[in-house]
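I would like the entire structure built from these sequences, with the hints used as guidance.
If you read the sequences in order, they're chains A and B. Note that this note's numbering gives residue 63 to position 63 of the first sequence, counting from 1, and the numbers run on in steps of one. Note that this note's numbering gives residue 47 to position 47 of the second sequence, counting from 1, and the numbers run on in steps of one.
Hints were generated in silico from the structure; no laboratory data involved. Where a beta carbon is used, it is the ideal one built from N, C-alpha and C, also for glycine. A couple of the hints might just be wrong.
Said to hold, decoys possible - Chain B residues, not near chain A, derived (Cβ > 10 Å throughout):
{"id": "1", "residue": "Ala26"}
{"id": "2", "residue": "Leu27"}
{"id": "3", "residue": "Val29"}
{"id": "4", "residue": "Leu30"}
{"id": "5", "residue": "Ser86"}
{"id": "6", "residue": "Ala128"}
{"id": "7", "residue": "Leu192"}
{"id": "8", "residue": "Phe194"}
{"id": "9", "residue": "Pro198"}
{"id": "10", "residue": "Arg201"}
{"id": "11", "residue": "Thr225"}
{"id": "12", "residue": "Gly255"}
{"id": "13", "residue": "Ala258"}
{"id": "14", "residue": "Trp259"}
Stated by the list, open to error - Over 10 Å on every C-beta distance to chain A, these chain B residues come out as not near it, computed from the model:
{"id": "15", "residue": "Val31"}
{"id": "16", "residue": "Leu38"}
{"id": "17", "residue": "Arg212"}
To be verified - If you anchor each label on the Cβ, the simulated ranges turn out as follows:
{"id": "18", "chain 1": "B", "residue 1": "Gly255", "chain 2": "A", "residue 2": "His6", "range": "31 to 37 Å"}
{"id": "19", "chain 1": "A", "residue 1": "Pro105", "chain 2": "B", "residue 2": "Trp213", "range": "36 to 42 Å"}
{"id": "20", "chain 1": "A", "residue 1": "Asp5", "chain 2": "B", "residue 2": "Ala184", "range": "51 to 57 Å"}
{"id": "21", "chain 1": "B", "residue 1": "Leu209", "chain 2": "A", "residue 2": "Pro105", "range": "53 to 59 Å"}
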Amino acid sequence: MIEIDHLTKRYGGRLAVDDLTFNVSPGRVTGFLGPNGAGKSTTIRSILGLATPDGGRVVVNGKPYRSGETPLRIVGSLLDGNGFHPGRGARQHLDYLAASNGLPPRRVHEVLQLTGLTTVARRRVGTFSLGMKQRLGIAAALLGDPQILVLDEPTNGLDPEGILWLRGLLKERAADGGTVLVSSHLMTEMSLTADHLVVIGRGRLLADVSLADLVQAATGDQGDPRTLEDAYLHLTRGTEQFQAVDVPRPPAGDGR
Amino acid sequence: MNAFPLLLRAEWIKVRSLRSTYLMIALAVLVGLGVGLLYLTSTADAWATTLTARDRAAFDPVADAFSGFQFAELVLAALGVLIATSEYTTGTISATLTAAPRRLRVFAAKLAVLTTVALPICLACSFAAVLLGQQALHAVPDTAVHVGLGNAHVLRGIIGAGLYMTAVTLVGFGIGALLRHTPAALTLMFSLVFLAWPAARALEGFSYLPDRWLLVNAADALVATHATTGPNVPRTPSYAMAWVEIMIYVLVFVGLGAWRSSRDVPG
Chain A
1 MIEIDHLTKR YGGRLAVDDL TFNVSPGRVT GFLGPNGAGK STTIRSILGL
51 ATPDGGRVVV NGKPYRSGET PLRIVGSLLD GNGFHPGRGA RQHLDYLAAS
101 NGLPPRRVHE VLQLTGLTTV ARRRVGTFSL GMKQRLGIAA ALLGDPQILV
151 LDEPTNGLDP EGILWLRGLL KERAADGGTV LVSSHLMTEM SLTADHLVVI
201 GRGRLLADVS LADLVQAATG DQGDPRTLED AYLHLTRGTE QFQAVDVPRP
251 PAGDGR
Chain B
1 MNAFPLLLRA EWIKVRSLRS TYLMIALAVL VGLGVGLLYL TSTADAWATT
51 LTARDRAAFD PVADAFSGFQ FAELVLAALG VLIATSEYTT GTISATLTAA
101 PRRLRVFAAK LAVLTTVALP ICLACSFAAV LLGQQALHAV PDTAVHVGLG
151 NAHVLRGIIG AGLYMTAVTL VGFGIGALLR HTPAALTLMF SLVFLAWPAA
201 RALEGFSYLP DRWLLVNAAD ALVATHATTG PNVPRTPSYA MAWVEIMIYV
251 LVFVGLGAWR SSRDVPG
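Okay, here's the thing in structure tokens:
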């Protein structure tokens with residue numbers, strides 16, 4: 001169980017998260033959605049004790065993350081933008097994390113197998129593709145066999161086989177009573193993986209509902225079927241920080 | 001338990017899993033011993049011919065054996081900088097702190113591992129520099145240059161040089177942890193160790209105090225086996241003061257690094 005209680009986080013003058021309250025309950029996959037810059041990553045960094053809240057509090061299993069002695073056994077996490085030293089081998093990255101939490105070397109071996117990285121375990125991470133780095137990040141999240149998973153954009157760069165595997169893994173963990181929070185921008189993927197959705201925009205809570213209810217609520221007046229994407233776009237309209245603007249193109253044949 | 005020994009193991013794995021650690025240590029040993037040896041060899045060759053009586057009197061077979069250390073200390077301080085900054089520049093710090101959220105403990109473990117790596121290497125280098133130096137000076141007819149560990153201030157100078165090199169490594173580490181940015185930290189470290197010297201020179205019209213607080217002049221005071229002579233006298237702190245200064249340098253920069261380490265990493 002993760003409880004986010006009136007969380008506020010400011011960066012300079014900008015409010016990244018604004019009085020945000022929601023819980024992530026065990027037994028289901030909670031999807032965490034919102035436009036770029038909505039505050040998803042800041043919320044996740046606050047859960048993991050990396051960002052100190054300016055207001056409110058965040059607790060994991062009733063305690064602040066930073067009070068934990070061996071957090072990898074309780075929470076497995078994957079952050080946006082990996083966080084590997086390019087000169088270090090994949091196994092060595094997992095070795096140091098395992099050592100810091102007193103996890104047996106066997107676990108490193110197991111998560112490498114689980115994520116399909118055994119054959120490249122000795123390679124330096126700098127030589128990895130985006131998808132391989134993502135697998136290594138997921139391996140690190142699973143290292144302590146935690147009950148809680150907090151994953152920021154875990155499908156980034158994964159191949160279809162990897163996405164399918166991850167989807168199965170998250171559903172299985174939730175079915176076993178685990179708590180799973182996963183952020184994504186891929187609506188199709190979310191509609192296949194998540195049971196529950198938390199949507200934020202400009203640092204504020206926009207929705208905290210089940211997947212079925214969110215899609216239901218977005219159904220049009222004539223009862224025509226809508227997708228999660230429709231519901232999401234409807235919900236977040238006006239909260240986007242970055243929007244594409246049409247730029248007129250010069251007439252064909254004008255340039256040389 | 002996320003106890004301290006576990007963090008020490010984790011930091012030890014980190015340090016030994018990077019090729020740059022080995023390369024920088026090898027480079028520091030190579031220039032530290034190599035440059036000193038070249039200097040002593042050419043001094044020995046010139047002893048009876050071009051060296052003046054004053055040059056010969058000023059020559060210190062221990063202090064001058066460390067003439068390569070001014071290059072080695074820069075490499076080691078750069079190693080200290082990189083061990084701190086690379087966590088931030090690569091983003092590894094996020095993984096580290098989610099696994100070990102007590103930030104000051106992580107800092108302390110890293111400091112302890114770096115000290116454990118640097119100290120024996122620096123001490124071994126300073127012993128090797130003097131012992132190899134004696135080989136190079138073997139043919140010099142003046143017996144004053146032939147010294148053993150039992151001679152006055154020789155052992156003291158060797159240990160002083162090793163501890164000084166370790167201290168500079170830790171100052172680099174503190175600066176790296178303070179700035180979290182490799183080029184900025186390297187620039188500050190270079191300025192502190194090298195560029196402060198002409199700046200202090202420029203102030204000599206007003207005071208010799210900045211000179212006496214330079215890391216390099218403190219190092220000179222630690223390794224000298226005979227009294228300083230000539231224009232360097234007012235620039236060199238006393239032996240005891242040199243130790244105090246070096247400890248203050250380490251405490252200030254490691255302290256600043258610890259303070260910054262306890263702060264959030266924007267990400």
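10 Å Cβ clearance of threonine 225 (chain B) from chain A: Answer for threonine 225 (chain B): holds, closest chain A Cβ roughly 42 Å.
Non-interface claim for arginine 212 (chain B) versus chain A (Cβ beyond 10 Å): holds (40 Å)
Minimum Cβ distance from arginine 201 (chain B) to chain A greater than 10 Å, as the annotation requires: At about 39 Å from chain A, arginine 201 (chain B) clears the 10 Å cut-off, so the statement holds.
Hint check for proline 105 (chain A) and leucine 209 (chain B) - Cβ pair distance inside 53 to 59 Å: holds (55 Å)
Assertion that glycine 255 (chain B) lies outside the chain A interface [Cβ separation over 10 Å]: The claim stands: glycine 255 (chain B) keeps its Cβ more than 10 Å from every Cβ of chain A (closest is about 21 Å).
Whether leucine 27 (chain B) stays farther than 10 Å from all C-beta atoms of chain A, as the label says: Consistent with the label, leucine 27 (chain B) stays out of reach of chain A, its closest Cβ about 16 Å off (over 10 Å).
Cβ separation check - alanine 258 (chain B) to all of chain A, threshold 10 Å: holds (17 Å)
Assertion that alanine 26 (chain B) lies farther than 10 Å from chain A (Cβ): holds (16 Å)
Consistency of the no-contact label for phenylalanine 194 (chain B), given chain A and a CB cut of 10 Å: holds (27 Å)
Reported absence of leucine 192 (chain B) from the contact zone with chain A (all CB gaps over 10 Å): Consistent with the label, leucine 192 (chain B) stays out of reach of chain A, its closest Cβ about 26 Å off (over 10 Å).
Cβ separation check - proline 198 (chain B) to all of chain A, threshold 10 Å: holds (35 Å)
Minimum Cβ distance from tryptophan 259 (chain B) to chain A greater than 10 Å, as the annotation requires: At about 15 Å from chain A, tryptophan 259 (chain B) clears the 10 Å cut-off, so the statement holds.
Hint violations for this structure: numbers 5, 19, 20, all remaining hints satisfied.
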